[in-house]
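Keeping the supplied structure of chain A fixed, place chain B with the ligand upon it in accordance with the hints.
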Amino acid sequence: MSNAREEKAAKIRHLLETEGPAVEENTLGFNSGRYESVSKLSDYEELKTQARSIKEDAIERLPELIDALTETVEANGGTVYIADDAADANQYIRSIASENQAARLVKSKSMTSEEIDVNEALEEDGVDVVETDLGEWVLQLADEAPSHIVAPALHKSRSEIAELFNTTFDPDEPLETAEELTMFARKELGALIEDADIGMTGANFITADSGSIMLVTSEGNARKSAVVPDTHIAVAGVEKIVPTVEDLSPFIELIGRSGTGQDITSYISLLTPPVDSPVVEFADSNTAFADREDDRSFHLVLIDNGRLAMREDDELRETLYCIRCSACANSCANFQSVGGHAFGGETYSGGIATGWEAGVHGYDSAAEFNDLCTGCSRCVNQCPVNIDIPWINTVVRDRLNHGQDDSRFDWMYDTLVPDEESGSIDLQKRLFGNYETLAKAGSATAPLSNWIASQGPVRTVLERVAGIDSRRDLPKFKRNTLRDWFDSRGGCQIAPSSADREVVLYPDVYTNYVAVSRGKSAVRVLEALNVHVTIPAVPESGRAPLSQGMVSTASDRASSVFAALAEPLDAGRDVVVIEPSDLAMFKREYEKLLPAASYDRLSENSYDVLEYVYGCLENGGDPDSLRSREIKVAYHSHCQQRTLGLAVYTTAVLEQLGYDVLESDVECCGMAGSFGYKSEYYELSMDVGDRLKDQFTTDDAQSRTVVASGTSCGEQLDSLLRRSPTHPLELIDPI
Amino acid sequence: MSINQDNNVTDFQQSLAALDVDVTYTAPAAFAETLASIVQGETIGVPLPFDSISQPEWIDTEVTPAKLNAAQTSVTPASLGIADYGSVVLDSTTDGAEQISLFVDLHIPVLSAEDIVRSMSDAVGHLGPKLRAGGSSIIATGPSATADMGALVKGAHGPKDVHVIVLTDETDGGNNE
Ligand code: SF4
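So the sequence lines, in the order shown, correspond to chains A and B. Under the UniProt record's numbering, the first residue of the first sequence carries the number 1, and numbering increases by one thereafter. Under the UniProt record's numbering, the first residue of the second sequence carries the number 1, and numbering increases by one thereafter.
Dumping the calculated DSS-like pairs for lysine-lysine here, alpha-carbon to alpha-carbon at most 25 Å:
no. : chain 1 : residue 1 : chain 2 : residue 2
1   : A       : Lys440    : A       : Lys520
2   : A       : Lys187    : B       : Lys67
3   : A       : Lys187    : B       : Lys160
4   : A       : Lys520    : A       : Lys476
5   : B       : Lys154    : A       : Lys187
6   : A       : Lys693    : A       : Lys476
7   : A       : Lys520    : A       : Lys632
Rather than coming from a laboratory, the hints here were simulated on the basis of the structure.
Just chain A, same shape as in the assembly (with noise of 0.2 Å):
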């Protein structure tokens, strides 16, 4: 491995031993909790509709909605300050506290005061900052990084909380239970509230009708930071503005659910400062509430820092709607895993933080995590927002990519791997983007290439220059490819003029080179239903380009794909696709990268072949001319397949056959694509696989028969298992 392989396989390791169960824990109890939650919304789809036009809506009109906000505050008797970076956000802080003489600011949880590492300038000038909610106090004390974006102390046990505090305070009486533990920190925190000169807060969300800020939270905490001092700053992102309070509603039945699986949290605060509530002056204790004359001052800081310039790019934009709510953080299987130290930049953490970073602190941020997104598209159905956040993902690496110097290898690129790409990719990535000219070549050479592949000195060499871990099997490639196949076959043996449909089955890379008997099912379960069936020759998909952000290339794919398509769609064929991945890009990606109608045509006539087996068999076809069998199987669908709602069609049409179908309910296999293979990963990669394992090997999932529809699951299912699994197609084919 190349050293800096090492050092981020070595830091994952870490943060595996260390963090990872904690992490794991919490995530997991999120993202079950979200699932549960938003089950019970007869309207989600709804919500997440209204919340997206919201959004997109307030940020086309952001400069006018913050002249409108500052107009408002300024006429509730507060003022607004836009500060264009963290430096002069903190410096115009740095003013108001040293204007109020404070020696103590309390502040509520707030990532944008992260983001511009307030804490740090106040305390250079003497300020004493106190985080008041519990998670960011633990990690105040411990001098650590938040590693979530809703609960910042995800990853440390309850045992270790104990260590630091009864290490940090010494008390009477050892802290042990969590409710000790709390109840210290209420009391410890109350007495810093009570005589805090200043309350700093974030702000979820704010409307610009009536200058009221949102916070959402549940301790109680940020109720106290912004209502007790007779000072209050609120720090927030210009992209937290919303017009109206009545755009409020969606956001907050949605945010809770997405973040933690609540319903609501406890408290939605909706405040309009400066607040007519009393100031809380504990030096004065005996002046009755209705008996004070306050006069509260409130300070708007809205950071710029590099927003509105996200505003103008056509694919960062999509990240100014994230209203943090983390689900995609919990429902990435390699974030449950890692946690927000390694999936996560100099602030923001999971997947929509490569658009967060890239944005407000560059690419060098952006660059340290980009990678973990596999782009299996899990958070994509998660995100309130609709963001598509792997796409956002892909868009940062391609800019990596090109931004990057290291020629090293060039020499090695233009033989090997004749791709769209300017400028000096890694040559990991352009090995694994360029896999379709390797399976072709690998092909052509089988059996040797298999042989030549599988020896000691060529995975050494392929490991140290390329990163392919030595610890993987390498697929093997087939010398008889599923179309030479076929064409020795003499084709389709249903006819088209007696067929009852006619498709063109997809020949993925993978299916034509590799996993030639999967095709070769598919060819005869489709026979049996009596639909013809045409292979032309299609190249890639671009999937594999795409997955190493190389946009270019894969948009050049899509192109000759549809080109090599477009005759068979005018002739009313059906294109059917066994590489759920495949199909992803034909029914998700290509909508960025070809223009509409192409899209439209292509993605509207593709099918899973699973689920166009279902309607054959909805629309009369025969069940008796599949093979049916009453055998218990495991089942894991593919995460792309999930995505795009096409998982239960291979579950219908096996309980249909007979079979006793258990599904595995994992985010992701670990594997990805490629990125199991990637040596720096292999041990995230099989981490993120136990959890699947553990599914698999329960004592009612053990003697089952493992399914899996995908290429790489069925890889990865072949290195956890005893037992190797088989494609859904290969167990219904009637052969």
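For chain B with the ligand alone, kept in the frame of chain A given last:
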């Protein structure tokens, strides 16, 4: 009350039950007695704005910071209840309703059954004009809570318990918990 409103009242009760939050429905005539059976220790509050009841004088409404810290229970009005969520809307006032509802161990929001709305968007619809007029409100659902210390604990910075009192219509009568 209309059938719709009856449904709201029932569903509000169910939502609170699901959250494990106590709720007592009481006719105005029985309010003082009911309240007295729920409060614990020193009790503070703000004047309750409901015509159907008179303010029990044993609730200390001359609240100071010292009393805020010493009290165990507070009684404050809620302007709305939200049936779908079991939430109450607590409006901020110059005499400190916001703080009084927050610093104690047991908070008792008092609400008129008439003011229970169906949904979050209904509630936000009521809040729009109030916030635009400069008001502030808290949508509070159950007690203060945290899971930051490794398990769910009630009473992080705010009340450990919430007990909602709903004033039913005089004619409906009854005192059903
Ligand atoms: S991108 Fe979507 S899912 Fe992720 S934190 Fe933002 S709003 Fe939540």
